[in-house]
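Produce the complete structure using the sequences and hints provided.
Here is how the chains run, residue by residue.
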Amino acid sequence: MDSPSVSTQKPSLLLRLWRNQEHRSIAIQIITMVILFSLLGMIGNNVATNLEKAGKEFSFGFLNYPAGYDITFQPFISYSPTDTHTRAAIVGILNTLLVAVSGVIIATILGFTMGILRLSSNWLVNRIVYVFLEFTRNVPVLLHILFVYGIFLYTLPVPKKAISISDTVFLTNRGFYTPAPVFEDGFNYVLTSILIAILIVFFFKRWAYKVQDTTGKIYPVFTISITILIGLPLLTFFFSGAPLSWEMPALKGFNFKGGTSIKPEYIALTFALAYYTACFIAEIVRGGILAISKGQSEAAHGLGLRPNRTLQLIVIPQALRVIIPPLCSQYLNLTKNSSLAIAIGYMDVVATIGGITLMQTGKEMETMIIVLLTYLFFSLVISAFMNWFNRKMALVER
Amino acid sequence: MYMRALIKAALTLIAVGALAFTATAGTLEDVKSRGELRCVVSTGIAGFAYPDEGGTWKGFDIDFCRATAAAVLGDASKIKAVTSTGKTRFTKLNSGEGDVLWRNTTITFSRDVGVKLTFVGVNYYDGQGFMVNKSLGVNSAKELDGASVCIQTGTTTELNLADFFRANNMSYEAVTIEKNSEARAAYLSGRCDIYTTDASGLAATRSTFPNPGNHKILPEIISKEPLGPATRQGDDQWADIIRWVYNATVTAEEKGVTSSNVDSMKNSNDPEILRLLGVEGSQGEELGLSKDWAYQIIKQLGNYGEIFERNIGPNTPIGLARGLNDLWTRGGLQYSPPFR
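Which chain is which? The protein sequence lines are A and B, in order.
Quick note on our numbering: the first sequence kicks off at 1 and runs consecutively.
Quick note on our numbering: the second sequence kicks off at 1 and runs consecutively.
If you're looking for bench data, these hints aren't it; they were derived computationally from the structure.
Check before you lean on any hint, since a few could be wrong.
Stated by the list, open to error - Heads up, simulated BS3-like pairs for lysine-lysine below, C-alpha to C-alpha not over 30 Å straight-line:
| id | chain 1 | residue 1 | chain 2 | residue 2 |
| --- | --- | --- | --- | --- |
| 1 | B | 32 | B | 266 |
| 2 | B | 92 | B | 216 |
| 3 | A | 263 | B | 216 |
| 4 | A | 257 | B | 142 |
| 5 | A | 53 | B | 266 |
| 6 | B | 80 | A | 53 |
| 7 | B | 179 | A | 56 |
If you want it as structure tokens, here you go:
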């Protein structure tokens, strides 16, 4: 039997490099990078080759040509079929923005309300919200959108049989028609007074907190602020001779003319997205509040703080720290889900530049890049805002 | 040293990958080796392309797709319907997901030149029309000022509509919806006064309404919509095959060759019929197909008239008259170059 021999020959260079942990990790990183970049290169090369093979040129020149199609819902800038594709894209982007902003606001209000109701000690309230949340969260959002739109179209009457609320507001399945304000001379005073009111409230708040810090005296800041914000412009309005008149909607031919109208597509999309997202927010809020230990509020009660003061000063600020990061991703979801708009005919960025323009010009790559960049931009703005808010709310360690 | 090997390996990887993505033979070889023809069709228009209760695709466009399969593969059942919305159809064709587009597609300059398609013929002459509820008492499209209009997106319809209302100094509200099914629901609920699309599509959609009799199609046809098949640009042999598949059905009708008499027609005295059916001449080989390619089309699906009558003719729920789509010998526009 041979005794185990020790090899005198050194292992090869590669093997030695591999056995060294530091070298090994560098090697793995290099390999990963090479694979990643070759994949990217492959995709880029593939796109370029295929575009060339199809004889297509990569250019954004089509943006300056007349779009030729109509966009019904254009609340911010005017648009007609003779305008360019660029303008059509802007109208679409603004419509997306409108749904995103109004959806986020409604979702937040609904979500916080449902989250708190879900914690209610009232069994019935608690269970009703629970069932609603579970049902809504587990049905795809597209179905919610179609569902709300369907309800809207089939329950409300056609314009000829419109539900009239004292002949000023009309409800139909083609939208809600309300009187439109017409500003006359002198309305500038009212606008100025609103600005002044905001400034007053701002300085009053700082002064009130300073007084509280030094003397401990607490002013009812909220009530006084609201009074100033509403009262001052209202007073100015009447003293300047009520410089405002209303344009009434009236049925002419097929549809109502005049006044302002809110389209069913916008209402259905915003509302469906808002309550769907609100259900997720409700669970986040519930989780955030439950994360605050009971000892916190007991201690606050022990110090003699009343229940709403406890909620306001002790529980909510701490709960927000748990709530904000996941809340941010819900806002992003809502914004991105708004791309389902075309299913019910709301002309957002996907329906205009990423839909009709794409079809008419055949520029898939270019239009999709514009759509992607739009959503990327919106998402980054929301993230930046939420990060700023999160830092503001973060625990200040002393 | 091993760095160089790594770079070499990476470069090979890139090259191989690029090849794998871009290497494609002609469409004809692809279809033959796959043993199945993939047609880009609509997601469902009654009479033109729709799955029946058993899930089998049927309709006017589907029959032309089957005719192509009969010519290329000898078997009309070897097709796969690649469904697409108006928006995705060209992408699906150009990306190679489908071999040919048989989907109520209007031939326009921008699609032919800008979208880089090859259109090979017109198998249905259509035009955009308006449908309204009879209770509105509207008799002409010129009375539609201020109306709400439901449209399906991704079509030439949006542009025609904008042009028509602008030319007549009328205002309107467009409700642009992605799918025919949802646009139809919006029209039926009264969200819109008018539904607009190609007249054939209006008839097809109306046939699916609960009360088709309550709706009428206005007399104005506001556009020319020549609907036809398309192939990817640059594959001329494949484009030729599609063109002559369509021409074969028209020639067969003109010469009175039907699915029931095609066998006896092989003994005809007319040399063009003999060339069509592959008894004489070498048309099949020149196209890269079998000798009896057109015989297979007619035997399995019939001529143009038979395909029309079976799917959308007056005796079907769609109930379209031949009109412009009659043979040129009977005052229509369907005309095939000679088989010679």
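Status of the hints after comparison with the structure:
no. : hint             : verdict
1   : 32/B with 266/B  : 27 Å, holds
2   : 92/B with 216/B  : 35 Å, violated
3   : 263/A with 216/B : 27 Å, holds
4   : 257/A with 142/B : 19 Å, holds
5   : 53/A with 266/B  : 43 Å, violated
6   : 80/B with 53/A   : 26 Å, holds
7   : 179/B with 56/A  : 28 Å, holds
When the structure is compared with the earlier hints, violations turn up for hints 2, 5 and for no others.
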